[in-house]
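Engineer: The numbers in numbering that gives the first Met the number 0 rise by one with no breaks, and the one at position 92 of the first sequence is 91.
Derived from the structure by calculation, the hints contain no laboratory data.
Among the hints, a few may not be true.
Claimed, not checked - Lysine-lysine pairs mimicking DSS-like chemistry, simulated, CA-CA at most 25 Å apart:
(1) K213 to K148
(2) K438 to K369
(3) K369 to K213
(4) K438 to K213
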Amino acid sequence: MADPPRPPSHLREEHRRTVSEPDGRARRIPYRFEPDATAADLVERFGALDDGAESGTTATVAGRLMLRRVQGKLAFATLQDNSGPGADGRIQLFAPAGTTPDFDGFCSLSLGDWIGVRGEVMKTRRGELSVRVDEWALLAEARRAFPDKWHGLTDTDTRYRQRYVDLWVNDDARRTFLLRSRLLSLTRRWLEDRGFVEVETPVFHTIAGGGHAKPFVTHHNALDMDLYLRIALELHLKRLVVGGFEKVFEIGRVFRNEGLGYRWNPEFTMLELYEAYADYGDMMDLTEQLVAHLATELRGATRLTYGGRPLDLTPPWRRASMTELIEERTGRRLDLTTPLDDLRQACDEFEVPWTAGDGPGVLLLELYEKTTEAELWGPVFVTDYPAEVSPLARAHRERAGYVERFEPIIAGREIGNAFSELQDPVEQRATFEAQARRKAAGDEEAMAVDDDYLRALEYGLPPTGGLGIGIDRLVMILADVATIRDVILFPTLRPEAGS
RNA sequence: GGGCCGCUAGCUCAAUUGGCAGAGCGCCGGACUUUUAAUCCGUUGGUUCUGGGUUCGAGUCCCAGGCGGCCCA
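Construct all of the structure, not just a fragment, from the sequences and the given hints.
Structural biologist: Structure follows, in structure tokens:
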């Protein structure tokens with residue numbers, strides 16, 4: 000690909016010439032390099048070496064040059080590799096002029112250059128574990144200047160657009176994404192250990208179902224038809240329960256055509272799982288056990304802090320109905336038996352907008368979200384949602400007008416959604432049709448009738464518990480970060496000017 | 001979508017009421033054999049986000065736009 004013409008500002012960032020061999024030729028970059036140790040390994044194995052001692056062991060390491068201290072006939076440098084966030088992944092390089100090949104070339108390396116080094120593992124007189132530079136090779140030149148070695152990179156825009164730089168200079172960024180990776184791995188293993196099977200279902204949907212959200216639309220040329228990017232995993236996974244996958248899960252990207260914010264990115268990662276013969280109570284048990292397991296593995300405890308405030312994820316978590324929590328928060332007893340006019344009056348009082356088409360269930364949910372949800376530090380399972388706003392959940396076994404549904408709330412945010420799943424195809428068709436009427440009336444987030452899903456239910460869905468967890472939000476809690484953009488490697492951004 | 005705040009050298013930041021656009025780090029050159037944000041000396045580096053306007057004079061004031069952050073819906 001030809002380089003486009005560059006503006007002067009880019010040329011200025013090419014801050015130096017190509018590093019050359021002692022004879023002036025361009026330095027050759029090897030095609031491969033074989034490190035046999037990492038910074039973290041060496042600290043672990045040789046950390047106890049005496050000051051000034053040599054280990055008698057030779058190691059080969061590779062990474063980026065992050066600091067450099069040339070002192071005449073002796074040079075020190077700090078190499079960072081992938082073996083740990085921040086200081087855990089750093090090792091000092093020790094380069095005396097007398098033994099270092101092409102000492103001048105080594106001293107002329109810049110911050111950000113990739114190098115490979117082979118040499119004796121030793122400790123300096125001042126007690127810093129080091130690899131002596133008996134051999135070294137330039138692996139890549141940093142032709143753009145690295146950010147300030149002390150202040151790093153703080154501009155959020157640059158951090159998100161140039162994550163490849165952020166990961167090197169901000170320890171927290173690397174730490175958070177390593178935590179995210181481990182969280183995904185631990186979640187898979189934990190579920191598999193309990194007999195769950197991981198599957199992959201389509202990202203392109205002909206009907207965007209399973210959630211309350213505006214979908215993205217794309218077009219398939221050969222079929223000449225519009226397709227939606229999935230807003231949820233739910234309906235395909237329940238088809239698989241019909242198909243006999245009794246414990247099934249998927250961790251996948253979903254897409255919602257909504258605004259961006261500290262908790263919202265248009266594409267995000269959902270875990271959804273379905274368990275035959277289980278109900279929403281079982282899903283609460285599973286949720287608190289899984290989250291407690293992840294907290295223990297990733298943070299060493301279930302008593303954490305989030306944003307400086309204590310957060311105790313130790314099971315069991317409180318379980319309380321939505322109406323009960325609204326009453327605690329507002330002092331008002333509001334439920335589905337409250338006259339519609341009273342609910343509307345409460346909405347006006349709490350500045351909740353409503354329309355004439357909104358039933359009591361919609362108003363109750365809106366009131367809950369406006370007055371109560373953000374105040375719940377939790378963890379707490381908010382249970383028993385109005386049927387009117389829960390078209391895929393099964394009717395509550397005791398409370399008329401409600402369904403068996405809960406959302407786990409942590410730090411004022413919903414991190415998931417779960418039901419005793421609606422089994423009955425006749426009831427399901429009725430709730431789909433109610434949704435379709437809302438859609439026809441202008442609710443862009445309402446669902447459409449999914450005839451194939453209804454056909455699947457007609458073959459028989461056993462009693463099933465289903466759970467969805469927003470992985471990004473869970474990572475936010477466990478990594479103790481405030482914005483979703485800090486847990487998504489390449490968050491959605493507006494294009495840069497001029498691109 | 002609304003309100004508020006921000007955008008100055010590669011990075012982190014200064015610049016009194018409108019009055020010569022600066023520092024540290026980086027980069028480049030020099031000194032230095034136990035440094036670790038090494039230190040010391042000397043350079044280099046600017047479309048002050050963009051476009052208009054007011055003014056003798058605009059980084060600074062006004063208008064429009066771009067991008068980002070925070071709060072609200």
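Engineer: So, for every hint listed, does it hold in this structure?
Structural biologist: Results of checking the hints against the structure:
For the proposed pair K213 and K148, the alpha carbon gap of about 44 Å is over 25 Å, so the pair is violated. A hinted pair counts as satisfied when its Cα atoms are at most 25 Å apart, and K438 with K369 qualifies at roughly 23 Å. With a CA separation close to 21 Å, the supplied pair K369 and K213 stays within the 25 Å bound. Of the pairs offered as hints, the one joining K438 and K213 holds, with about 11 Å between alpha carbons and a cut-off of 25 Å not exceeded.
The structure is inconsistent with hint 1 alone, although it conforms to all the rest.
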